[in-house]
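Student: Add chain B to chain A, keeping to what the hints say.
Each chain, letter by letter, is given below.
Protein chains: 2
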Amino acid sequence: VSVLIKEVQYVAVQAWQMGKSDPRKIIFSAKMGLALALISLLIFLKEPMKDLSQYAVWAILTVVVVFEFSIGATLSKGFNRGLGTLSAGGLALAMAELSELAGKWDEVVVVISIFIIGFFSTYAKLYPTMKPYEYGFRVFILTYCFIIVSGYKTGDFIHTAVTRFLLIALGAGVSLVINVCIYPIWAGEDLHNLVAKNFTSVANSLEGCVKEYLNCVEYERVPSKILTYQASDDPVYSGYRSAVEASSQEEALLGFAIWEPPHGPYRSLGYPWKNYAKLSGALRHCAFMVMALHGCILSEIQAPPERRQVFYHELQRVGAAGASVLRELGNKVKKMEKLGPIDMLLEVHEAAELLQNKIDRKSYLLVNAESWEIGNRPHSPAEPQDSLNMDDEEHKVLGYKSLSEAVLDLRSVTIPNSWDGLQNNVGVSPTVPPPDATSKDFKKQISWPAAYSFTADASPPWEESKTYENASALSLATFTSLLIEFVARLQNVVDSFLELSEKANFKEPDELPAATRERTGLWFRLFRFV
Amino acid sequence: VSVLIKEVQYVAVQAWQMGKSDPRKIIFSAKMGLALALISLLIFLKEPMKDLSQYAVWAILTVVVVFEFSIGATLSKGFNRGLGTLSAGGLALAMAELSELAGKWDEVVVVISIFIIGFFSTYAKLYPTMKPYEYGFRVFILTYCFIIVSGYKTGDFIHTAVTRFLLIALGAGVSLVINVCIYPIWAGEDLHNLVAKNFTSVANSLEGCVKEYLNCVEYERVPSKILTYQASDDPVYSGYRSAVEASSQEEALLGFAIWEPPHGPYRSLGYPWKNYAKLSGALRHCAFMVMALHGCILSEIQAPPERRQVFYHELQRVGAAGASVLRELGNKVKKMEKLGPIDMLLEVHEAAELLQNKIDRKSYLLVNAESWEIGNRPHSPAEPQDSLNMDDEEHKVLGYKSLSEAVLDLRSVTIPNSWDGLQNNVGVSPTVPPPDATSKDFKKQISWPAAYSFTADASPPWEESKTYENASALSLATFTSLLIEFVARLQNVVDSFLELSEKANFKEPDELPAATRERTGLWFRLFRFV
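Read top to bottom, the protein sequences are chains A and B. The first sequence begins at 1 in this note's numbering and counts up one residue at a time. The second sequence begins at 1 in this note's numbering and counts up one residue at a time.
Honestly, the hints are just simulated from the structure, not real lab data. Where a beta carbon is used, it is the ideal one built from N, C-alpha and C, also for glycine. One or more hints might be untrue.
In silico DSBU-like links for lysine-lysine, alpha-carbon gap of 30 Å or less [claimed, not checked]:
hint, chain 1, residue 1, chain 2, residue 2
1, A, Lys-507, B, Lys-362
2, A, Lys-358, B, Lys-362
3, A, Lys-131, B, Lys-20
4, A, Lys-211, A, Lys-104
Footprint (simulated), chain B over chain A, 3 or more residues, beta carbon under 8 Å [stated by the list, open to error]:
hint, region
5, 59-68
6, 185-194
7, 219-231
Bound-form chain A, shown alone:
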């Protein structure tokens, strides 16, 4: 018994929390109850409406089936139901005439006609573009069978058809009136909010990604949920995943939103709901870049932390600027404001340019010069001693040339032996190198490049695994160029936003108070005329 009480308690708490987080659900449930109660009053009808009362169940059925969460869904289902009922009714009446002609074979005709109707409407339902009307086809079959069957029993097809249609219309009418007039829930509004929310989650993901990368966060073991693209509560991952996954939800909401009449802030006829989905698609195109950025963190091949530090400020600035652009766009979508006169991409482009500049100047950090195949030595491309000597000489020569100019010192950046072969399990990434003396050396060299120190003997022994050190350094290159590609894709998002804000006639960000004043002015004048 105590288990039962606990269970009930748990359910009650869950229900309470759901209601608190989205009160619309409570209201919707109450509306549903109200519609059903209203329709059930039909059964108390006395003569001469007895007939209607007898078939009251059809009105109840209609309410149960048609009453959907959003107005758009209710309208589209109601339309499907109406169309299915009407066309099936017409067909059934025609078939009834036909079966009467058949005389004593009428039973056979009826059964065969049901088979044929069932076959063709099921087949049509399976056609891909017919999918939104799936429900209509079901209603069509059902109505046809029902009218044929009841008509056959009572012998009065027309009466059956008319009664049924009246009751369905009544049920649909009650559903519509209650759903639209009492606290309407609009699919369009949901779509609008969903798109705005996607911006925030991608922005959070981007910021988290850059932050994790710069702080050299490592996954001890990548959650297998990420590896199989299932929902996981990793914040960075769930951010972009929710934006990517929202695709099907958006499609469904879009399908309903286009059914909804102009309402609230979506005043214009033929409101460009499609553009919301398009904008979200453009955002998704960006989110895929964030996903690829996150892939750099998940990867086994990791850039050495010291090298990431070199680009710390630039990377962070691009990340922050990119996220703020997304947040601002999300805000503008939410508030339905046009872009201001200031180019919102200015800051992020500048940041990206600075990052690119720095990469330009420091791209030696992205590769390992040690193993360069200098010229025509195809027979011993990786002969260690030779190559070392060569490097030494190169450095010395350069150093000789000008000691005041610090040197192209590729050797001093020692890379931890992190990537021990591709054969490793992807899940394990033991990549964090100990913050040893070498990294300090490196930082010194960065801050005082004039203090020329040649640390060739500090380099690790020439091993086979060295082949992969380069991959580690290139990983940083990958991260930065993915980030820059992300910035490039932002333009596309802004373009989609501009198209949406034009078509949907968003308000001007500054002229908002002016517009309000003008309208009150108009009202004032109108009243004066009256």
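Tutor: Here is chain B on its own, set in the frame of chain A:
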């Protein structure tokens, strides 16, 4: 009229083609027609079954609603319907007793009870984990209302409830028998095929991607459908997109497949359908890398073709090996075979290692040394003449050192001025450089590195846009490291496959004839015993 004829012709052709491409749809439609025709025979029942015949429409309703394409969907809907009907029936009977106690207030009690039931079951339906049972809740409300209403009219609640339940059971029974016994369509099989197909499409996409990259295919204008992640007929794009988008379809099929009894090749009880979805998720994780690779082709920042040529064979080999691994896995999924004793990743890992090796040796092609910030010159980091001189001297010194070793000639690789600022529209990518003398020079240098030619004066003028040339070279680095990351992720796919093949008890690839022999042996022995 001729328009109408054309329309009819068009529809007929479409219908014919749909039937040809998936004959199961025709069969399913015929099954639906058959079930309806069978149920409609109810109306011809004479006494003493008159009662059943009168409410025949409930059986028809059940057939229309329960009859779904796959067995799993039919079973799960049938179960929902049965459970909803039974529990609502019980509740309605109890409420009927209660309303009789209420005496003259019974009408009020009935209406209020309908409101309460409508409210609570709608509210429960909205709870996220209840979504698969959405249909059950609808049936629950409907049945409750129906029994209360009809019971109120006839005064015989139990009779109504029993009749209704019998008819629904009859309808569900006919649906099930026809659906299962005549050419059953299994959701599990669809899931199985879908997963296998995803492998092929990702493999095709990967191959196409590498091929396009090496052939320097450029999008004159990236289709806006790709930029907003909508369906498009670009073959590379649609390949990985279909695998990524299959996610929701897989989820639906998985939901139905777990309802299906063991059948055909899926003999074991509790068949690991979830592992199919998991394997597909792991594949999706790979597909995201293919998506990122494709992003390199879509990007405005393009690596110069000459440099891509350097890695031509290595890139192609990795692409081909990766695609063949995917195809083989897809085949094994399709044929339900375990992996052989040979490590299938051997070839692709070797290819990736070779690619990595080559990058190691040639990573100077991935960066532009020109703009390196050589040492401590913070006041004039981009002073052109100075830097040029420096480079000259570097080259000369090296050349002096050993003329037989061709030189670290970074200058001779001229990069086209392709990326003129981030502010450009992403859609336009005028990146193909003319195949001019410089590129020939470069190729010569690669083939005969000993022929040392110093082409410093061929270098483009030092411009501001130069800042982005590096990005262009880095794009190649990005492509290769994404490709290598793709290879790393393959391990995860193979692991998921191993898990699936263990749990689902796939057959051994070689021992197949042996196993068959053993079983026949067993049968033989059994027969001998009998």
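Student: Enumerate the violated hints, using their earlier numbering and listing them in ascending order.
Tutor: Hints 1, 4, 6 not satisfied by this model.
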